[in-house]
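S.K.: Take a look at the letters that make up each chain.
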Amino acid sequence: MVDYYAQFPIYLISRKMTNLIVKIHHLLNSNINQESLHWLNTALEEIKKNQGEDVFFFKFASIGRMMKSQKGDVKITDDTPVFSISEITRILILLQYFNISGKNFDEILHKIKITADTAEIISLNKGLLFFPYSENLRLFAEEGLRSNMKNIFESVALENSFAEKYFNEITWNQMILKALFIEAPLYQIRNFEARKNEELSRMTNDYALERIVAFRKVNPELWHCINGVNDLRIFDHWLEILKSSDETEVNAILNALQSLQSALPTELQKIKLEKKPKYNWTQIGQLLEVKRKVIT
Amino acid sequence: MMKFIDPHIHCSSRTTDDYVNMRESGIVAVIEPAFWLGQPRTNVGSFIDYFSSLIGWERFRAAQFGIKHYCTMGLNSKEANNEALAEAVLEILPRYLPKEGVVAVGEIGYDEQTKVEDKYYRLQLELAKKFDMLVMVHTPHRDKKRGTLKSMEVALEHGLEPHKVIIDHNNEETIQDVLDRGFWAAFTIYPKTKMGNERMVDIVKKYGTERIIVDSSADWGYSDPLAVPKTANLMLKKGISQEAVHATCYKNAILAYGQSGQFTENDWLESNNSDQKILFEGNSVLRGQTEPQRSSSVIS
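From first to last, the protein sequence lines stand for chains A and B.
Okay, so the first sequence: first residue is 1 according to this note's numbering, each after it adds one.
Okay, so the second sequence: first residue is 1 according to this note's numbering, each after it adds one.
Calculated directly from the structure, the hints in this document are not laboratory data.
Be aware that one or more of the hints could be misleading.
DEER-style ranges, computed between Cβ atoms [stated by the list, open to error]:
hint : chain 1 : residue 1 : chain 2 : residue 2 : range
1    : B       : T193      : A       : L139      : 24 to 30 Å
2    : A       : V74       : B       : S52       : 43 to 49 Å
3    : B       : D49       : A       : S262      : 48 to 54 Å
4    : B       : S52       : A       : N148      : 43 to 49 Å
5    : B       : E24       : A       : D106      : 51 to 57 Å
6    : A       : S62       : B       : L255      : 56 to 62 Å
7    : B       : L255      : A       : K217      : 33 to 39 Å
Which chain A residues face chain B? A few, computed with CB under 8 Å, are given here [claimed, not checked]:
hint : residue
8    : N148
9    : L209
10   : E210
11   : V213
Note that the structure is predicted; figures quoted are calculated from it, not measured.
Glycine residues also receive a C-beta, built at the ideal position from the N, C-alpha and C atoms.
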């Protein structure tokens with residue numbers, strides 16, 4: 001039986017991180033071919049010898065090429081996204097180096113960031129919860145949210161509890177608003193319901209109105225963000241949409257009606273009582289994703 | 001042919017084919033605001049090189065195709081959030097602001113309306129006041145109405161005169177407030193995410209032409225460097241007068257940015273036909289060709 005712990009000396013801050021490294025390595029053992037495993041173990045050994053940062057940076061940068069052929073995704077913890085083999089390998093190599101080098105994590109992260117490619121940034125964003133928390137880490141995550149590249153944004157925002165744990169209300173609300181803008185799946189943002197707030201409701205009301213007066217479609221998931229309706233034109237818009245045959249749009253409004261804190265016009269009050277939503281927010285989000293894949 | 005100005009376009013991200021098409025459509029002058037690259041800059045050196053290119057290579061490149069190129073200089077709102085970098089940029093910015101052809105401090109303002117963005121917006125407003133410069137304001141694409149109001153309130157708080165501030169990326173929800181407060185209201189005709197030109201026609205029919213400017217903000221995204229001439233043509237087709245089209249697509253840009261003393265009609269009326277053989281620091285847009293390229297279905 002392989003003693004994983006022997007391979008990872010405990011210089012680490014915590015036993016928890018050691019356990020994590022061992023867990024990742026064990027998962028990779030079961031999911032990659034012999035050639036890739038050999039490369040990985042050799043890389044880990046070389047980093048363990050602490051021959052300097054050049055070795056680490058070279059190995060880290062090589063992962064994209066070396067692991068590209070390894071298919072399959074892994075789930076490490078419930079509160080982090082699914083990782084590809086390349087992505088989790090980057091996390092493992094990085095934590096190994098952090099363990100050995102004795103350097104401050106922020107310092108290592110900063111150096112990786114400067115020369116990182118998109119795949120590396122995504123890997124780091126997905127693994128945020130595995131790293132020691134600091135203000136710099138939060139700033140790094142926020143920078144990911146500002147990206148114009150949808151996949152980078154999603155690596156921070158989706159299925160990633162770093163967002164719900166560490167972002168203040170301003171950052172959180174901007175993340176939600178941007179998700180609506182770029183049609184990232186809102187239903188995949190963890191703990192969204194618990195972090196709904198009045199300011200977000202105000203912002204999304206304004207955004208909805210902006211779309212309505214410009215004769216543009218409103219993202220159905222937007223209606224999940226509002227606590228109340230601030231402008232009667234939104235009710236008029238809802239009445240129009242409720243006549244349509246678009247199930248996602250209709251059900252999104254029906255869901256919003258059920259939880260709305262505003263007083264409703266008579267017609268909408270009647271609809272609220274008589275028509276219950278057929279799909280919940282998760283199902284609506286999933287249907288929208290299918291629809292968007294068909295269009296693109 | 002009518003002449004047009006595009007007072008907000010990110011030429012660095014456009015190809016030379018765009019310049020050819022722009023010139024053929026009647027665009028005679030452009031203003032390129034300093035903005036971000038699409039992914040975060042990591043050191044002040046990349047800002048320095050970018051700023052230098054706006055007053056160097058890009059100005060030259062545009063001229064090769066008969067277009068006068070001007071720019072604004074500033075730290076954009078997105079990258080203001082990197083405070084260490086923002087400090088360094090603010091330190092070098094004054095070296096660029098007084099240069100020839102720099103018509104305003106911009107495009108500055110808010111992206112997410114964070115405290116740090118606010119700090120650097122205000123500092124740059126102070127620079128604009130100190131150097132008696134115009135300001136080009138980028139209004140946020142998210143939470144726009146509140147961000148636009150805040151941008152104007154803060155500008156007034158710092159003593160900027162509204163007629164010296166151009167508020168860009170307006171829409172139906174912001175225009176009234178901008179015009180009421182005496183600011184210039186620019187509209188970016190940008191498919192899908194900003195204004196469409198049919199809506200622009202409605203705006204001009206409803207609000208007239210005073211202090212209204214049309215631009216493209218064409219950049220590395222799905223955008224159209226011919227948005228201004230196309231909007232002009234659509235306006236004419238929809239019964240808007242030639243005078244009104246001339247105002248929104250040409251004259252108002254001169255009235256607004258001409259206040260800088262760096263942007264005058266004579267600049268392009270007097271300039272020669274484009275001569276691609278003129279070099280910039282020994283460089284030419286030509287690549288071994290002897291005759292300037294014209295768009296054609298024959299490539300040889």
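S.K.: Does the Cβ-Cβ separation between B/L255 and A/K217 fall within 33 to 39 Å?
M.R.: With a Cβ separation near 37 Å, B/L255 and A/K217 satisfy 33 to 39 Å, so the hint holds.
S.K.: Take the C-beta atom of A/S62 and the C-beta atom of B/L255, compute their distance, and say whether it sits inside 56 to 62 Å.
M.R.: Because 58 Å falls inside the window, the suggested range holds.
S.K.: Let me know if the C-beta of A/V213 comes in closer than 8 Å to any C-beta of chain B, holds or violated.
M.R.: holds (5 Å)
S.K.: Cβ-Cβ distance between B/D49 and A/S262: within 48 to 54 Å?
M.R.: holds (52 Å)
S.K.: Go through the hint on A/L209 and say holds or violated, using the shortest Cβ distance to chain B against 8 Å.
M.R.: holds (7 Å)
S.K.: Okay, A/V74 versus B/S52 on CB: inside 43 to 49 Å?
M.R.: holds (46 Å)
S.K.: Does the beta carbon distance between B/S52 and A/N148 stay inside 43 to 49 Å, or does it fall outside?
M.R.: 24 Å Cβ-Cβ, so the 43 to 49 Å window is violated.
S.K.: Does A/N148 pass the interface hint, meaning its C-beta sits closer than 8 Å to a C-beta of chain B?
M.R.: holds (6 Å)
S.K.: Under 8 Å, Cβ to Cβ, is where A/E210 needs to be relative to chain B, so tell me if that hint holds or is violated.
M.R.: holds (5 Å)
S.K.: Using the C-beta atoms of B/E24 and A/D106, is the stated range 51 to 57 Å upheld?
M.R.: Given about 52 Å between the Cβ atoms, the range holds.
S.K.: Is it true that the C-beta distance of B/T193 to A/L139 lies inside 24 to 30 Å, as the hint says?
M.R.: holds (26 Å)
In the structure shown, a violation is registered for the earlier hint numbered 4 alone.
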